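Each chain, written out:
4 protein chains.
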Amino acid sequence: MIIELQPNIGPEIKRAIVEKVAAIGYKSMEVKTQRSHYLVAIGKKDFDIRTIGHMPGIADLHRVSDEYKLVSRKWKVAPTVLDLGDGVTIGGGGLAIMAGPCSIESEKQIEQTLEHLVANNVKIMRGGVFKPRSSPYAFRGLGIDGLKVWYNLARARGIKIISEVMQVSQIEPMLPYVDVFQVGARNTQNFNLLDELGKVDKPVMIKRGISGTIDELLSSAEYVFSAGNEKLILCERGIRTYERASRNTMDINAIPILKAKSHLPVVADPSHGIGIREFVPPVALAAAVAGADGIIYETHQKPEEAFSDGQQTLDFAESSRLINQLNEVIKFIQN
Amino acid sequence: MIIELQPNIGPEIKRAIVEKVAAIGYKSMEVKTQRSHYLVAIGKKDFDIRTIGHMPGIADLHRVSDEYKLVSRKWKVAPTVLDLGDGVTIGGGGLAIMAGPCSIESEKQIEQTLEHLVANNVKIMRGGVFKPRSSPYAFRGLGIDGLKVWYNLARARGIKIISEVMQVSQIEPMLPYVDVFQVGARNTQNFNLLDELGKVDKPVMIKRGISGTIDELLSSAEYVFSAGNEKLILCERGIRTYERASRNTMDINAIPILKAKSHLPVVADPSHGIGIREFVPPVALAAAVAGADGIIYETHQKPEEAFSDGQQTLDFAESSRLINQLNEVIKFIQN
Amino acid sequence: MIIELQPNIGPEIKRAIVEKVAAIGYKSMEVKTQRSHYLVAIGKKDFDIRTIGHMPGIADLHRVSDEYKLVSRKWKVAPTVLDLGDGVTIGGGGLAIMAGPCSIESEKQIEQTLEHLVANNVKIMRGGVFKPRSSPYAFRGLGIDGLKVWYNLARARGIKIISEVMQVSQIEPMLPYVDVFQVGARNTQNFNLLDELGKVDKPVMIKRGISGTIDELLSSAEYVFSAGNEKLILCERGIRTYERASRNTMDINAIPILKAKSHLPVVADPSHGIGIREFVPPVALAAAVAGADGIIYETHQKPEEAFSDGQQTLDFAESSRLINQLNEVIKFIQN
Amino acid sequence: MIIELQPNIGPEIKRAIVEKVAAIGYKSMEVKTQRSHYLVAIGKKDFDIRTIGHMPGIADLHRVSDEYKLVSRKWKVAPTVLDLGDGVTIGGGGLAIMAGPCSIESEKQIEQTLEHLVANNVKIMRGGVFKPRSSPYAFRGLGIDGLKVWYNLARARGIKIISEVMQVSQIEPMLPYVDVFQVGARNTQNFNLLDELGKVDKPVMIKRGISGTIDELLSSAEYVFSAGNEKLILCERGIRTYERASRNTMDINAIPILKAKSHLPVVADPSHGIGIREFVPPVALAAAVAGADGIIYETHQKPEEAFSDGQQTLDFAESSRLINQLNEVIKFIQN
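Residue numbers (the working numbering), protein chains in the order written: chain A, 265 to 599; chain B, 265 to 599; chain C, 265 to 599; chain D, 265 to 599.
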């Protein structure tokens with residue numbers, strides 16, 4: 265059960281509600297986000313919801329039987345729309361395109377990519393400055409200095425930044441320079457990181473775990489939300505299966521299912537979802553038609569020379585073609 | 265290596281080719297289909313392809329390194345188009361829609377379904393008369409008598425029939441009454457059934473195994489082709505993964521990959537691919553945009569009362585809406 | 265619910281029982297096996313079991329809520345023991361060892377293998393004469409003639425034969441020459457084959473599907489049982505997962521789970537379960553300790569030259585060592 | 265290539281080696297652990313290893329083609345033995361048993377568990393004080409205070425402690441009170457945590473990821489090793505598959521494969537591996553026979569009342585029985 269409290273509720277009124285909930289046999293947890301103030305009450309007993317609903321101090325109240333509560337559509341039916349400023353939004357209609365290299369490599373690369381995005385009217389650039397690498401001997405990214413260079417160049421052109429945060433200690437230094445924090449597939453269940461991102465007032469895009477379930481992704485979003493940050497995006501990026509003809513298996517089913525289960529925007533990552541450059545465009549189009557609120561993919565001026573993920577990265581010509589196709593498809597969807 | 269022989273090649277000329285191939289150290293297998301006559305030569309040694317290419321009796325010759333040869337796009341670049349008669353085709357552009365119930369249940373049900381298809385200009389009806397059921401106590405289908413009733417009603421309305429064949433002994437009785445044989449996901453590697461379907465002059469649609477790989481599906485098609493039947497369709501219907509929020513995981517990646525690897529048409533089955541009625545349409549649209557040559561899905565006058573698969577079956581209103589959306593999407597694809 | 269009928273029950277007494285079952289709202293199916301005579305009743309309503317239990321003609325009666333009934337331990341608690349004659353048994357304690365090549369290749373190979381088995385006191389030889397091969401161009405086995413040669417040589421040395429049957433038409437010709445029919449992993453849900461094997465009076469070992477669930481394996485056994493053949497063995501042979509360091513993932517969990525769910529003997533196949541020669545022995549020992557009633561594995565006089573599966577096949581020295589270890593482990597288990 | 269340097273190597277001699285490696289076209293990374301001093305050189309070119317091997321300052325040198333180097337058996341053939349003090353060791357023969365509750369719940373629970381372990385001569389107690397929970401509303405553990413209580417009680421009885429560390433900030437406070445740090449399945453690829461554990465002089469047991477590959481587990485161990493800590497244990501705890509009859513699929517294959525690929529000790533966790541209380545013992549025995557160096561499992565005075573994982577937790581009577589069986593099995597293995 266989610267109890268939305270009235271703004272500026274007095275301590276006694278709140279205590280009365282907490283005690284009433286306890287009397288029913290439910291445990292409650294207070295959740296304050298940047299937007300509102302809730303009691304999340306957990307329990308299994310049946311009771312007459314009106315006995316609580318009529319109490320002073322309660323703005324709204326819903327039963328939610330899922331393990332995730334605050335991210336559930338059963339609680340909040342209207343889609344969440346995230347506003348990155350300057351008219352750039354994610355969710356609630358339209359298709360947010362986010363493109364850029366796997367790794368930020370150099371100032372020149374950033375400039376070339378920004379130029380490509382501006383030319384195609386794309387508003388959000390992706391790129392990694394901290395790279396999670398399974399081998400300790402691989403390239404680990406340009407770090408915070410790379411991010412600052414990128415920030416200055418991107419801001420000058422009105423482009424927003426999404427970049428992966430790998431650990432708690434990176435949140436604070438990254439905060440001024442990113443518009444969206446990305447949580448990678450290996451950190452979907454790094455609960456401490458999620459908790460800390462709950463204290464931040466910037467959007468967070470959570471990628472589904474490498475073999476995470478849809479419900480686990482929603483529970484990870486619930487972690488961040490219940491720690492105080494409502495600005496969340498879910499990202500389907502393919503799952504690990506037995507099939508070896510593609511890097512991952514893009515779970516296209518997850519898109520309509522996540523949209524039905526949650527009010528949060530859903531972004532698809534076809535680059536990781538299939539992992540093969542020539543097939544990224546059809547998978548991107550499929551995800552858009554299936555209902556995704558955004559597409560995030562990898563593009564690089566010379567994919568053959570990219571520091572990482574080159575085999576799944578589009579060159580700028582391929583990227584421009586895909587953007588055109590996505591813009592066509594959006595028209596179809598909106599009819 | 266695939267050697268296409270000239271029509272009406274003489275026995276001595278053929279023997280000379282076979283001996284030449286053997287001299288290189290390759291084993292060869294003669295394949296006669298309804299369309300042509302081949303030697304499929306298997307081996308690993310390197311040799312100058314011209315030493316064979318110039319021989320009399322050879323119409324064409326290609327190296328194919330995949331384990332599957334005759335179904336490979338490396339051999340035959342042009343897409344295969346299957347003509348079911350009366351202008352109904354599968355492959356080579358356009359989107360073939362096939363709809364109908366999981367199980368054929370009654371004459372009345374057949375009539376209602378046909379009416380729905382005619383009203384929506386759909387030309388192919390699906391339905392099972394032999395049902396593979398994991399429990400021996402479940403409904404096993406109306407059998408050959410049901411098929412005959414269906415055939416008469418469908419022919420009267422110009423509708424083609426696709427239906428599953430489960431065993432060798434069913435091929436002959438079914439042959440006059442189906443336009444496309446379907447091989448189900450549990451029979452993808454029933455090699456005797458595949459061999460026998462190779463002797464038939466009707467199209468065969470092979471579903472991917474429940475956890476079959478893309479390469480296994482192509483090898484199964486190779487079985488039928490090398491036994492003499494070139495009229496083949498590949499069908500992606502979702503694979504078994506750890507995810508429990510959907511019945512199967514629709515492998516959207518498989519569609520562009522199969523199209524690139526093979527010249528055969530690729531059909532998608534969103535009903536089994538996601539297994540949840542309300543989400544069948546977005547998955548169907550996604551598959552069409554990803555490049556499928558056809559969509560096969562389940563529809564029933566009253567899904568709640570269907571003998572089988574009701575939870576993934578559209579009612580006729582939902583089906584009509586989906587057909588309209590697919591027709592819109594086709595226009596986008598063809599631009 | 266399973267109702268075991270008394271032997272030689274009269275038609276009127278039987279009809280009375282069937283009608284009583286129908287009156288409760290259950291569907292019933294009559295099952296006659298070589299051993300007994302049953303009514304399997306399917307339904308969900310609650311009723312007082314004594315209203316049926318007291319009727320004349322009923323030998324025994326049990327409720328079984330699983331989808332599989334006759335193979336369930338809820339119905340038959342005592343383990344099934346299969347007697348192959350000459351004191352060779354499977355199930356009910358002890359460890360049946362079955363060894364031999366993947367494919368039967370030649371008379372000489374058969375003789376060498378038999379000699380190896382006799383020297384190590386192994387009583388059952390495995391080997392394929394019909395090979396299911398995913399490529400149509402691979403070796404497909406010596407066929408029924410190879411089986412006859414094998415039979416004559418094996419009988420002369422008191423060795424029993426287990427061999428795979430791939431299709432219905434092979435059952436009759438194989439019947440005189442095998443002691444156990446094996447149903448391969450690609451045929452676990454070939455329901456027609458299962459139905460026909462239900463009419464045969466010889467044991468059938470059913471391998472779990474390549475990605476079959478434990479419940480699907482039990483339902484496949486139910487098919488054969490309900491068609492009349494109670495002489496069944498379940499075989500765990502590894503499942504398909506994302507892990508690529510081994511050919512399959514041996515599901516060691518399946519052994520105690522199958523033993524708890526069913527009264528049928530459970531055999532483990534470590535050769536396919538891991539697919540790497542040097543690691544077959546530890547997996548075989550693990551399966552024995554986990555409760556398997558038998559171990560089936562591949563051995564060949566020269567694994568490097570085997571027609572198939574050489575990379576997972578033990579040579580005779582390795583095989584002798586494994587047999588000794590298994591015999592040691594049996595002592596531990598029986599204490 | 266791994267170059268083990270001589271102790272107290274002079275800076276000029278070291279520089280000469282580094283330059284020589286660079287001249288061949290390899291990148292090198294210096295690794296100092298508590299035990300020794302290495303250069304790990306990464307590259308693909310072929311060269312005569314003697315041109316480096318004869319240089320002054322080099323104690324040993326091996327080529328290792330795997331992506332993981334320092335944890336590979338190709339480099340270090342002898343098994344790693346970890347000494348926890350007081351004669352308690354892991355690896356190199358014998359079977360280390362680690363038992364205890366999922367969560368540390370109370371002082372009384374700790375005392376009862378310790379008593380059970382002492383009575384059965386078990387030397388290592390497991391238990392969680394920080395719990396990774398997929399729902400933010402679940403019990404998250406007693407924290408560092410619980411660990412201190414546990415430490416005092418355990419030390420008084422000569423029992424060692426293994427406990428999970430979830431984040432970097434917990435390492436320092438936990439350090440004095442644990443004998444082995446455990447990295448959980450959700451943190452196997454939390455590379456920052458791994459890096460920091462590389463700076464610690466206490467053993468670290470890394471659990472395989474929920475759907476991690478064997479190679480990923482080895483690369484995670486390489487992270488810790490290359491950051492300075494050689495005291496590592498690998499843990500197989502079951503993987504996520506499509507099978508729903510068990511919580512996870514215990515990958516018994518992983519045990520011999522990990523033992524062959526790495527010199528590190530391998531521990532098996534049958535509690536998570538199967539997730540069903542009654543079947544934990546057969547899986548534990550199987551893992552021991554397959555070559556595990558240790559078994560870690562969950563036991564609780566009243567599993568039905570455990571705060572977490574009760575359905576896979578043995579009571580003390582079951583635990584005593586399992587310990588006896590494991591001790592019997594060890595004798596078999598050691599013969």
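FYI, nobody ran anything at the bench for these hints, they're computed from the structure. Just so you know, these numbers come straight off a predicted model, no measurement behind them. Each residue gets a CB set at the ideal place from its N, CA and C atoms; glycine is no exception. Any given hint could be a false lead.
Here are some chain D residues pointing at chain A (derived, C-beta under 7 Å) [said to hold, decoys possible]: (1) Ile306; (2) Gln431; (3) Gln453; (4) Ser483; (5) Phe580; (6) Ser584.
Derived pair list, reagent style BS3-like, types lysine-lysine, alpha-carbon separation capped at 27 Å [claimed, not checked]: (7) Lys291/B <-> Lys412/B; (8) Lys278/C <-> Lys291/B; (9) Lys595/C <-> Lys566/D; (10) Lys291/A <-> Lys595/D; (11) Lys309/C <-> Lys566/B; (12) Lys566/A <-> Lys566/D; (13) Lys566/B <-> Lys291/C; (14) Lys340/B <-> Lys296/B; (15) Lys291/C <-> Lys387/C; (16) Lys309/B <-> Lys466/C; (17) Lys566/C <-> Lys278/C.
Go through the hint on glutamine 453/D and say holds or violated, using the shortest Cβ distance to chain A against 7 Å. It holds, given that the least Cβ distance between glutamine 453/D and chain A is near 4 Å, below 7 Å.
Measure nothing beyond the straight line between the CA atoms of lysine 291/C and lysine 387/C; if it is 27 Å or shorter, mark the hint as holding. 44 Å, violated
Given the proposed pairing of lysine 566/C with lysine 278/C, does the C-alpha separation stay at or below 27 Å? 59 Å, violated
For the pair supplied as a hint, lysine 291/A and lysine 595/D, is the alpha-carbon distance within the 27 Å limit? 51 Å, violated
Restraint check for lysine 291/B with lysine 412/B, where alpha carbons must lie at most 27 Å apart: 45 Å, violated
Hint validity - isoleucine 306/D Cβ closer than 7 Å to any chain A Cβ: 5 Å, holds
For the pair we were handed, lysine 340/B and lysine 296/B, check the Cα-Cα distance against 27 Å. Since the Cα atoms of lysine 340/B and lysine 296/B sit roughly 16 Å apart, the hinted pair holds (cutoff 27 Å).
Have a go at the serine 483/D hint: is there a Cβ in chain A nearer than 7 Å to its own Cβ? 5 Å, holds
Under 7 Å, Cβ to Cβ, is where serine 584/D needs to be relative to chain A, so tell me if that hint holds or is violated. 35 Å, violated
Does the structure keep lysine 566/A and lysine 566/D at a Cα separation of 27 Å or less? 62 Å, violated
Next pair to validate is lysine 595/C with lysine 566/D; report whether the Cα-Cα distance is within 27 Å. Given pair lysine 595/C, lysine 566/D is violated - Cα atoms ~33 Å apart, limit 27 Å.
Would you mind confirming whether the straight-line C-alpha gap from lysine 566/B to lysine 291/C stays at or under 27 Å? Answer holds: lysine 566/B to lysine 291/C is near 24 Å, not above 27 Å.
In summary, the structure is inconsistent with hints 5, 6, 7, 8, 9, 10, 12, 15, 16 and 17 from the numbered list given earlier, while agreeing with the others.
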